[in-house]
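Visitor: Listed below are the residues making up each chain.
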Amino acid sequence: MAQSDLFATRRQSAQAYILRRILTNPPAALGAIVIGLMFVTALFAPFIAPYAYDQQNLDQIEKPPSAAHWFGTDALGRDMFSRIVWGARSAVFVILMVTLVNLALGIPLGALAGYLEGWADTIIMRVADILFAFPGLLFVFFVASTIKPGVMHWARSSGLSELANTGYLDYAVVILALGVIGWAGLARLIRAQVLTIKQREFVLGARAIGVPTSRIIARHILPNAVTPIIVAMSMGLGDIALSEGYLSFLGIGLQPPAPSWGNIIAENAGRYWRQFPQMIWLVFIPGLVLAAIVFAFNFFGDGLNEALNPEISD
Amino acid sequence: MADPKPEQSLVQVKGLKKYFPITQGIILQRKVADVKAVDGLDFEIRRGETLGLVGESGCGKSTTGRAILQLYRPTAGDVFFKGKDLCKLQGEELRKMRRHMQMIFQDPYASLNPRMTVGDIIGEPLEVHNISKGKEKKERVQELLQIVGLNPYFVNRYPHEFSGGQRQRIGVARSLAVNPDFIVCDEPISALDVSIQAQIINLLEELQQKFHLTYLFIAHDLSVVRHISDRIAVMYLGKIVELTDRNALYKTPLHPYTKALLSAVPIPDPVVEEKRERIILVGDVPSPVRPPSGCHFHTRCPIVMDICKKDDPAFRDVGADHWVACHAV
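Here the protein sequences come in this chain order: A and B.
Residue numbers for the first sequence follow the working numbering, beginning at 1 and rising by one.
Residue numbers for the second sequence follow the working numbering, beginning at 1001 and rising by one.
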């Protein structure tokens, strides 16, 4: 059909336009490449990593980078490159899950607060304020030290030792903690958007037509609020990667031998300081990778913002 | 108002008031005053007619239109439409009534959702009122596009790809989709170029004939209102001061405000225009927060009397269906 063709080309061209604007913006393009690389690495970690992440070779302890071990080996004789590659998988998994939790909580709560105002708004936004004011790290400590042992105890006593012994719970703690804290910022952003957009005449028009409230929020308000949400999210992804890193660094995130950039740094930090600067690669490389990801998300977010809001740069 | 003839009257407005509260304080909000945007209106809109509603900016015209359609819930009063008091309807009942009453907005750039295609915009009322779906809906949308003079192949385009006049046609098509009886046209042409205004006016007239529509036509352009309306209501500071047949209004205006308003219309004949006597009103429109006592117009009225400052003149029929609210008439 001629019409559906017209429709298809139209959609394509809008996306092509955004893509072109990102790719012609050097920092954003670089960010996109780094992010893409991380996702590919995460997806194909078993094929990319030359060794298993926990495979020890006790003849090769603390070796500097070489042809066999690109990023050297750590104190337990594990291949640093393989651990970092597998670390990408942990990071991507945490980033995606936390974002999912943030969106699932932040979008409906923010939209409701903005659309309904009044009491619903007051309650939702005060909870968000508390989350903002409350030190996030403390909350994670709380979850890790109270809920996690409880669940582990329950899992052991009910015969689910699989659950208690593997790293699933560590992931659950990180995702739950970051997810529950992180929605507040998103909800604030969405609320502000909804408050402005609902004043616009097409929303009144939708009401005049007889569009039900739920559909007004879903079809008229939220689609017009997505741009800042996408931008904030793409920048927030870097923060989540960083948060996962510091939680694992502090030992309340992913536990060794599970590979996480944060715990790789933590494991090697002591040795690094004692023998500075001979074993610089042990901390420097995972740190660099983590920093690169955070920068990449920020550059990409900036580029996306410009691409989605043509008036900013033109 | 004299008892409206039920077979003639489509909408009856009784004692309609809309006050917007002014609040102070952040945590504990308290009301400090009201903006009396619409302050007691009584009129009817007859089946098949166009009732023009004129008045200067801020006099409450748009609020009236929106309060009738319950887009703003009125502070007081009743609006009877199809045997129901709209002001007493809630939620789903009211939503279902919207099928019979629609609105055309002033700003065609703001009143269409920029993220929806024209097909989705026009098809939405069909969907939410369960009128048609899928292929049937698509056909109806294309038919509507044709009715308002647009290419039916535009269904997949977005509003920003159209000119102001075309967008207003999209807005008109959307309001026609559900076959309404009554449409509030809220300054539908004041945001358009003069050359496009005539097109939209003609379209609205054509559609009225074709679909037996009843319009409440809100405008501030007196010549446009004269052209399109059967009867005209003149509003000043939240009240209707005069309401009558358009010819009677232009020939024999009774209210001093109407006279002043009409004297401001330029006449496209240089000889006559030179002799045109203008009544210049002094001062500004008072604030609707604290409207003047008695007749709202007394602060600017050239023929003000003592009684005007004390008593609010009744809105009454002075003969030949000519309604006016003035002590001097």
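Just to be clear, a hint being listed does not mean it is correct.
To be verified - Result set (BS3-like, lysine-lysine): computed pairs, CA atoms no more than 27 Å apart in a straight line: (1) A:Lys198 to B:Lys1210; (2) B:Lys1210 to B:Lys1084; (3) A:Lys198 to B:Lys1088.
Said to hold, decoys possible - Just some of the chain B residues that point at chain A, by a computed CB distance under 7 Å: (4) Leu1071; (5) Arg1073; (6) Arg1098; (7) Ser1111; (8) Asn1113; (9) Val1128; (10) Ile1131; (11) Lys1133; (12) Gly1134.
Quick caveat, the hints were computed from the structure, so don't treat them as lab data.
All residues carry an ideal CB built from backbone N, CA and C; glycine is no exception.
Visitor: Run the structure past the numbered hints and jot down the numbers of the failing ones, going up.
Guide: 1, 5, 10, 11 and 12
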